[in-house]
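Number of protein chains: 2
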Amino acid sequence: MTYIPKGKHLIAGEWIGGDRTFRSAPAHGPVHDFASGQVDLVNRAADAAEQAFEIYAHTTREERAAFLEAIADEIDARGDQVTEIGTQETALPEGRLQGERGRTTGQLRLFAQHIRDGAYLDRRHDGALPDRQPPRPDLRLIQRPIGPVAVFGASNFPLAFSTAGGDTASALAAGCPVIVKGHPAHPGTGEIIAEAIHAAIQKTGMPAGVFSFIHGDTHEVGKALVEHPLIKAVGFTGSLRGGRALFDLCAARPEPIPFFGELGSINPCFVLPAAMQARSAAIAEGWVGSLTLFAGQFCTNPGLLVLPEEGADAFAEAAARALEAVAEQVMLTDGMAQSYRDGAGRVGKLASPVAQADSHGRNARPNVYRTGAEDFLRDHTLGEEVFGPMGLIVTTRDADQMIQLARGLEGQLTATLQMDDGDTELAARLMPVLERKAGRVLANGWPTGVEVADAMVHGGPYPASTNFGATSVGTMAIRRFLRPVSYQNIPEALLPPDLRGM
Amino acid sequence: MTYIPKGKHLIAGEWIGGDRTFRSAPAHGPVHDFASGQVDLVNRAADAAEQAFEIYAHTTREERAAFLEAIADEIDARGDQVTEIGTQETALPEGRLQGERGRTTGQLRLFAQHIRDGAYLDRRHDGALPDRQPPRPDLRLIQRPIGPVAVFGASNFPLAFSTAGGDTASALAAGCPVIVKGHPAHPGTGEIIAEAIHAAIQKTGMPAGVFSFIHGDTHEVGKALVEHPLIKAVGFTGSLRGGRALFDLCAARPEPIPFFGELGSINPCFVLPAAMQARSAAIAEGWVGSLTLFAGQFCTNPGLLVLPEEGADAFAEAAARALEAVAEQVMLTDGMAQSYRDGAGRVGKLASPVAQADSHGRNARPNVYRTGAEDFLRDHTLGEEVFGPMGLIVTTRDADQMIQLARGLEGQLTATLQMDDGDTELAARLMPVLERKAGRVLANGWPTGVEVADAMVHGGPYPASTNFGATSVGTMAIRRFLRPVSYQNIPEALLPPDLRGM
Chain A
1 MTYIPKGKHL
11 IAGEWIGGDR
21 TFRSAPAHGP
31 VHDFASGQVD
41 LVNRAADAAE
51 QAFEIYAHTT
61 REERAAFLEA
71 IADEIDARGD
81 QVTEIGTQET
91 ALPEGRLQGE
101 RGRTTGQLRL
111 FAQHIRDGAY
121 LDRRHDGALP
131 DRQPPRPDLR
141 LIQRPIGPVA
151 VFGASNFPLA
161 FSTAGGDTAS
171 ALAAGCPVIV
181 KGHPAHPGTG
191 EIIAEAIHAA
201 IQKTGMPAGV
211 FSFIHGDTHE
221 VGKALVEHPL
231 IKAVGFTGSL
241 RGGRALFDLC
251 AARPEPIPFF
261 GELGSINPCF
271 VLPAAMQARS
281 AAIAEGWVGS
291 LTLFAGQFCT
301 NPGLLVLPEE
311 GADAFAEAAA
321 RALEAVAEQV
331 MLTDGMAQSY
341 RDGAGRVGKL
351 ASPVAQADSH
361 GRNARPNVYR
371 TGAEDFLRDH
381 TLGEEVFGPM
391 GLIVTTRDAD
401 QMIQLARGLE
411 GQLTATLQMD
421 DGDTELAARL
431 MPVLERKAGR
441 VLANGWPTGV
451 EVADAMVHGG
461 PYPASTNFGA
471 TSVGTMAIRR
481 FLRPVSYQNI
491 PEALLPPDLR
501 GM
Chain B
1 MTYIPKGKHL
11 IAGEWIGGDR
21 TFRSAPAHGP
31 VHDFASGQVD
41 LVNRAADAAE
51 QAFEIYAHTT
61 REERAAFLEA
71 IADEIDARGD
81 QVTEIGTQET
91 ALPEGRLQGE
101 RGRTTGQLRL
111 FAQHIRDGAY
121 LDRRHDGALP
131 DRQPPRPDLR
141 LIQRPIGPVA
151 VFGASNFPLA
161 FSTAGGDTAS
171 ALAAGCPVIV
181 KGHPAHPGTG
191 EIIAEAIHAA
201 IQKTGMPAGV
211 FSFIHGDTHE
221 VGKALVEHPL
231 IKAVGFTGSL
241 RGGRALFDLC
251 AARPEPIPFF
261 GELGSINPCF
271 VLPAAMQARS
281 AAIAEGWVGS
291 LTLFAGQFCT
301 NPGLLVLPEE
311 GADAFAEAAA
321 RALEAVAEQV
331 MLTDGMAQSY
341 RDGAGRVGKL
351 ASPVAQADSH
361 GRNARPNVYR
371 TGAEDFLRDH
381 TLGEEVFGPM
391 GLIVTTRDAD
401 QMIQLARGLE
411 GQLTATLQMD
421 DGDTELAARL
431 MPVLERKAGR
441 VLANGWPTGV
451 EVADAMVHGG
461 PYPASTNFGA
471 TSVGTMAIRR
481 FLRPVSYQNI
491 PEALLPPDLR
501 GM
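Residue numbers (the UniProt record's numbering), protein chains in the order written: chain A, 1 to 502; chain B, 1 to 502.
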């Protein structure tokens, strides 16, 4: 059964419309009208979140785990509807939406397990030493939730980084109410997920204000959200420009709050000489596959490939051949397709074409260019992210130049080595440079495909993220929404239950 | 043997003077001239720190632990000299300087033990699952040092929060080089500690750039330090105004960096009815003792005492009696004594005197005032920190008003309950409010005296600190200078040594 959007916001359990609306722009399927949020709604949602926090912060881990699992179940129960409206709004294929739903519900269930386990509380106890001079008091430490959190849906992951994505899952797991600003590129998908969360709230008896969802196609809601005094942190995945603007608002508040933004990355890949010699064509094919997957609309898209000059022609030819097989793809929005073409055009003026293809409307074809390390190092703009299936091959004269290029990079989500046994020495020189540049360093794979795991880091030095100490994927993401509190000589009965009996 | 200051900066192992100087203003003892740092020195120190980082980030934990212990040993070897110049410059008594030195070397040795132990690395491993669809790669996570760190010496702890204090100790333990901006109120004390660190660097063969120390009596050095692109984080303890200005500079950088500032707190103490009835006079005496210790020059000074109206007169009388026994004390600087008088004068216009005393020059006498909850809630300025031995007693009509007052507080380093068995119900209502307001909640003690321990939090919601997730005291302080890095399918030989063989 097809999901017919209400076109309404969900504010603490109530579906609320409004006079101001915007129209969805799906790639195919029916168009709908959606209310567009305003400041008063943000105030209402924030007040409700604050009220809910007083209860939700003191729920047991088991209660929150059951709530997260109920959300996952409710999303699964709407599986086909989610896939249908998701594919219509985003142009992503069915299989991708199904996979992303599995990732989304998997994340929710993983966080349920993670908080049941309890290691994330990082409990510490220094017992009293009454005979020491001066006596040491009894000290116990635990991580407590920080308060209401604002989450911005991402355009490129309508499920896994949006309404019930990793930010929402980790904040709810921590004990923080969430207010989601839905992405206007997939409002119906956002809404049906909000409805699933609403159903889970009712089933598990959670306070209604623990979750609100606000549609919006202007900056008004986002600005009001991050500036609201009751909001204590922000989770965001999106563009450098938009993210930096919100970061600046968070920093300028009377009470500054952390902005956990995952912004931009070109995910450099280094092909080392022995690997280049042994399997240049296979690497070129692998790269093109990763680069063009779902029109290259990944934060971890490998937009920069660095290799030795020797063999670069053959590599480029192999890449061009692989690119010929890539069909035209539909991007998430008309605006993103246009930005992609603009970005590719800008790079095309500075670098030589390896494979160049025009496209129109919401469609995109891959564009790959090539330049030398000197030119790349000279022009900072060649290192800026172009969102979409664009790649830049940069040739290097020797190992020193490859390292010099690595040193010149900005912060990245990932850095990749394509290497064989004979490359160990150069790889050992690159590793200390790359571990400073990226949140994740990988060998002989491609950076797209971000495992949801304990050991994952999806983040990195600026501009990859605005908080180099944080990750937005994996269990460590919960840390963003916790703060340590120390209890000194507090009677057992007054301690948080998780600190008793230590 | 008396320490004769060189009056010079220590930049990566070299003592460097300069044309611009300032003169120390000790409370007693000889006056000295000190070079005052400029931007070129910051550049030089930062370049050296970056160079040193490439080596220091890859030292073993044992090497860094030995380095930290060598610093502690070198400070101890200069113990009497440190105490002599420290008492002269700060007017703090000998016993306090000796105790603070023990705290400082104790912190260094604690961090040595902490990194030897290795739990702080938070290593995580998700093994490869080659048969899963899609296959899971091998993922390993570890915490890595972030890069050069700037530390600002604090006026009120010339040793434990200054040149080799908790910020420096935790950053060096993490693997980060440190550049200290010395506090101009105790330049000689800062310099002799810098000399001790210098000696430890030479003894343990650490790279010279791992530590630099810059004197300065203007904002120029501080501004240049936090804006320098090679600096990756800042540790600061000081005033709200100065701290916020530096925070704003950090946030406005092209690449924003975290500013770990510990700024202001009035450390509210709540006397609950049963405790009030049982031991009002003893509580009043305890409070006065904590409030006036070392002229009240503690971040955790209990500047606000909230109690029931009933019995408030007797409490105020007991406090006034206890205050009579407090001698005039010398403050850290003339300017701080003047600010104290200004602040007390401001509060004195809004509240009734309990004990009021005038003072002159660098001297201070305690001032205690009293007001009602309505007035306190109405006038925000009554909740602002006055650094020095000033206390404000606020009376509350009933339990609800006490809770209302707690809710209205800004972020705090600490919150204290004075309670007896009969107070449990009210305490249980206050606890969830106070744990949101403060980094440390304590019962039946006083907040001065911050234990250096695993379970300590010295931090809290803004303005207590600019990062509610961090502490500047205790082993958890090391987290501020680490970032997680994930290694995917990286060959064993290329992994950080601490990640091998998992």
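What the hints contain is simulated information worked out from the structure, not anything from laboratory work. One or more of the hints may lead you astray.
[Stated by the list, open to error] So the derived list for chain B, only partly shown, Cβ under 8 Å to chain A, looks like this:
no., residue
1, H58
2, L249
3, A251
4, E255
5, P353
6, A357
7, E435
8, V441
9, T448
10, D454
11, Y462
Yeah, the Cβ is synthetic: ideal placement off N, Cα and C, and Gly gets one too.
Status of the T448 of chain B interface restraint (C-beta, 8 Å, chain A): Check failed: Cβ of T448 of chain B comes no nearer than 11 Å to chain A, outside 8 Å.
Can we keep the P353 of chain B interface hint, with Cβ of chain A closer than 8 Å? Where the cut-off is 8 Å and the nearest Cβ of chain A is about 31 Å from P353 of chain B, the hint is violated.
Chain A contact restraint on V441 of chain B - CB to CB distance below 8 Å: Holds, because the Cβ-Cβ distance from V441 of chain B to chain A comes to roughly 6 Å (cut-off 8 Å).
Against chain A, is A357 of chain B within 8 Å by beta-carbon distance? 28 Å, violated
Does A251 of chain B hold up as a contact with chain A if the rule is Cβ-Cβ below 8 Å? OK, holds: A251 of chain B within 8 Å of chain A, min 4 Å.
Interface hint outcome for L249 of chain B [beta carbon to chain A under 8 Å]: Status violated, d = 11 Å.
Taking 8 Å as the limit, does the beta-carbon of H58 of chain B come near enough to a beta-carbon in chain A? 7 Å, holds
Hint validity - E435 of chain B Cβ closer than 8 Å to any chain A Cβ: 5 Å, holds
Given hint Y462 of chain B near chain A, where the shortest CB pair must fall under 8 Å: 5 Å, holds
For the hint on E255 of chain B, just tell me whether its beta-carbon gets within less than 8 Å of chain A. 5 Å, holds
Is the interface hint for D454 of chain B satisfied, with its Cβ closer than 8 Å to some Cβ of chain A? This hint holds: D454 of chain B lies near chain A, its Cβ roughly 5 Å from the closest one there, short of 8 Å.
Violation of the numbered hints given earlier is confined to hints 2, 5, 6 and 9; the remaining hints are satisfied by the structure.
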